[in-house]
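Asker: The lines below spell out each chain.
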Amino acid sequence: MGTNGRRGETSYGRWARFALQCSGIVILAILWQISSIAGWLPKAVAPSFIQTISGLWQISHTGTFWVGTANTFKAWAYGMFVSIVIGIPLGLLLGSNKVVYRLSRPTIEAVRPIPPIVILPVVLVAVGYGFNLSALLIAQGAMWPLLIMTSYGVATVPQVALDTATVFHFSFFRRLFFVRLAQALPLIGSGVRLAAAIAFAVAIMAGLVGGAPGLGQLLGLASQANDLPALFALTTAIGFFGVVVISVFSSVERRLNRWKVSS
Amino acid sequence: MSAVPILKVENLYKTFTLPKGGSYTALENISFEVADGEIVAVVGPSGAGKTTVLRCLAGLLAPTSGSVVFEGESITETPEDVAAVFQDYSRSLLPWLSARSNVMLPLRSRGLSRTEARQKADTALASVGLEGREGTHPWQLSGGMQQRVALARALACNPRLLLMDEPFASLDAQTRMDLEDLVLHIHKEFATTVLIVTHDIDEAIYLANHVVVLSKPPATVSQIVEINLPPNRHQIATKENPAFAQLRNHVLTMVRRDPYED
Amino acid sequence: MRRHTSWAIRFVAPLLMPVVLLGGYVLFAHWQSNLYFPSLPRIYSAFKTTWSPHGLRLNAWPSLSNLLLGYPAGLLSAVLLGILVARLRALRVASEPIIAFFLALPSVAIVPIFIVLFGPGPGTKQLIIAQAVFFQVLVNVIDGLSTLDPTLAQSADLFKIHGFRRLFLVDLPGAGSQILAGARAGLSLGVLVMIVSELFNTRFGIGAVTLSAQSSFDFPTMWAGMVFTAIIGIGLNGLFSLAERPYLRRAGLLQTTTGA
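Protein chains in written order, with our numbering: chain X, 20 to 282; chain C, 3 to 264; chain P, 944 to 1203.
Take these hints with a grain of salt, some might be off.
[Claimed, not checked] Here are the computed distance ranges between Cβ atoms for each label pair: (1) L112(X) with G1106(P): 48 to 56 Å; (2) L1023(P) with S266(X): 26 to 34 Å; (3) A972(P) with T185(X): 41 to 49 Å.
[What the hints assert, rightly or not] 16 Å max Cα-Cα, derived EDC-like pairs, lysine to aspartate or glutamate: (4) K1103(P) with E82(C); (5) K122(C) with E133(C); (6) K10(C) with E73(C); (7) K991(P) with D1161(P); (8) K1103(P) with E79(C); (9) K10(C) with D38(C); (10) K241(C) with E191(C); (11) K241(C) with E168(C); (12) K1103(P) with D83(C).
Everything labelled a hint here was simulated from the structure, so no lab data went into it.
Backbone N, C-alpha and C define an ideal beta-carbon position, used for all residues, glycine too.
With the sequences and hints as input, model every part of the structure.
Answerer: Have a look at this one:
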């Protein structure tokens, strides 16, 4: 703790932060458990904290759960792959030409607010309940932030950097890779993080709404069976997986940002 | 102009603890005085800690040891009669408020009624030459004009002491000259005591009665130079004066000198 | 030359995508030529029937009224709680992991729990929408208020601007762009969740009519529902842009081109 800041304001050291965050979780857990025991939170409404944890423990021992997890992440990975393979190169191209970029921005922005669920019905009938449903939906959903961030990063390369490249007689592709791509990397990192989060959400949605195999589908089954403890356990597990995905990609994003060339 | 020190800095030390551990001493045993009605400039090499000094004087930063005494009292937070103008005008003025509203804000915080505050704001804006532009927003104004708004905001509070942190560093040379003269004009008209931190030696000598020269960090006071140029400063006449060049060279030599060389 | 390009950008470019989409659809449907992709005229007539004034009242209104109630509720509570949390440093740090958890949890995953607990009525749907919007906006409010420009904060401290004046004239407008971004994201999320919440035992609603058409193989109607949903998404987003203009103009942010 130091008094570097304004008068009366101390900044938290690394351990103090960690302690505070842990205590936040602990306090929440305790409050939850007490509410359940005291009857403020009736069992019909929600299982207690301990029940939820034991529920989690139980399902983590079932094969169905891990198969579902694997399916979800398989679809996620496939969708991410497609998004990256299409989104980044397309973004590079769109961003590298000024006129094309300026035309493409409002075009994409016009389409962006369409919720990912819109194409689900037709994809569901055309492709069926399987793995492809998730993958297609995910690709459609996750591609946009990737495309937008990549093209933005490439398009907003400082003119100075480009001029320097021209003066040194860089070819078009060399310029594209060494100058534009390099400058755009931090933004691409952000785009990938956003895409990863969206991809995960869409994977769950595809399972829940479309019945694609995975955790979402398990969630749908549990809800049809009115199985509240299972629902809580599954939802908590999904939340944890979501946190893992976002944390991993946030740290990737941060690493790329450290490399950022400041203007 | 009386010789009563309105501001007394005694043995000011400031050490920062670094986030990765270790410490950095920015200020070491800084002592100087500012008399009532004076203009004092603080100069030093880049990164010397000039801004740190100013923040301590403004009550924004707590010194590690030593004292800052304003009007006889040791300061623990920003005193009532102190106002400041910062270098980054675009980020110290609120862009969503008009110039007038920006100037009124501190006044309203002090409890003035809306009419009173408005009157004072308009007067302050007129005195910095922005009459007629009270309703514009900062982002509609040029850099020099924005800094005038910041100055008006500080003046409207009727401060005994006006602190300025490299206020004109982000402006072009011509605008800088206009604003320097504006400071002199305000000083004459309102008898405000001014402490200006600047890296521009010419500016320091042009404006000030005394120049406090800081060394490289850990910054100490290398010297306090008295500027005995004629009081009615003029951008051209004063700078033609051979005394100006002498003082300039003297201060410049000190600033550029490596303190470990002697 | 410049005038022509800006005219092109403002009017032609946004229309490009729908034209591309329509053209792509026509080609694709022709190539596939199966039931799943009915011809455009058939979709158009199904659209007219499904979303006739009667149809709008029957199916569009229930969904949209849920959104109209849920969104502001979520938004307001998030702003209020966000202000509180941002102010108390310990609370902010302590709640970080909890908020991060709920942000990482896809909003659609919470829908089953709500439906099972509270039944599929309109109140539940409004609650679901409110909760989805709440977390999205909360994060942005807290983040925006905690990362205020230090120069701005320094000036405000120096001139002793505190209390409600500080909150309403300095802090909130300062965090304004971020809060608006969160509110916009919350709106998109709200639309999504609105549709998903109608999956369970709902007779009337935009999502309900689309999904029931799908399961009864009424593909033109299904497409009518999909197109309508897309239009709602785009339309609400456009309304949001219009609504945020006054703030942006006052803050001088209209001049700059928007980032991603």
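Asker: Could you run down the list of hints and mark each one as holding or not?
Answerer: Checked hints:
Restraint check, L112(X) to G1106(P): a C-beta distance of roughly 52 Å satisfies the suggested window 48 to 56 Å. Distance hint check: the CB atoms of L1023(P) and S266(X) are about 28 Å apart, consistent with the given range 26 to 34 Å. About 46 Å separates the C-beta atoms of A972(P) and T185(X), a value consistent with the hinted range of 41 to 49 Å. At most 16 Å may separate the alpha-carbon atoms for a hinted pair to count; K1103(P) and E82(C) meet this at roughly 9 Å.
Pair hint K122(C) plus E133(C) holds up; C-alpha atoms about 13 Å apart against a cutoff of 16 Å. Restraint check: the Cα-Cα separation between K10(C) and E73(C) comes to about 8 Å, which is no more than 16 Å; the hinted pair holds. For a cut-off of 16 Å, the pair hint linking K991(P) to D1161(P) stands: about 15 Å separates their Cα positions. With a CA separation close to 10 Å, the supplied pair K1103(P) and E79(C) stays within the 16 Å bound.
For the given pair, K10(C) sits about 11 Å from D38(C) by alpha-carbon distance, which is consistent with the 16 Å threshold. Proximity of K241(C) to E191(C) is assessed by CA-CA distance (about 23 Å); at most 16 Å being required, the pair is judged violated. For the hint linking K241(C) to E168(C), the alpha-carbon distance of about 20 Å lies beyond 16 Å, and the restraint is violated. Taking the CA atoms of K1103(P) and D83(C), the gap is near 11 Å; set against the 16 Å cutoff, the hint holds.
Hints 10 and 11 from the earlier list are contradicted by this structure; the remaining hints agree with it.
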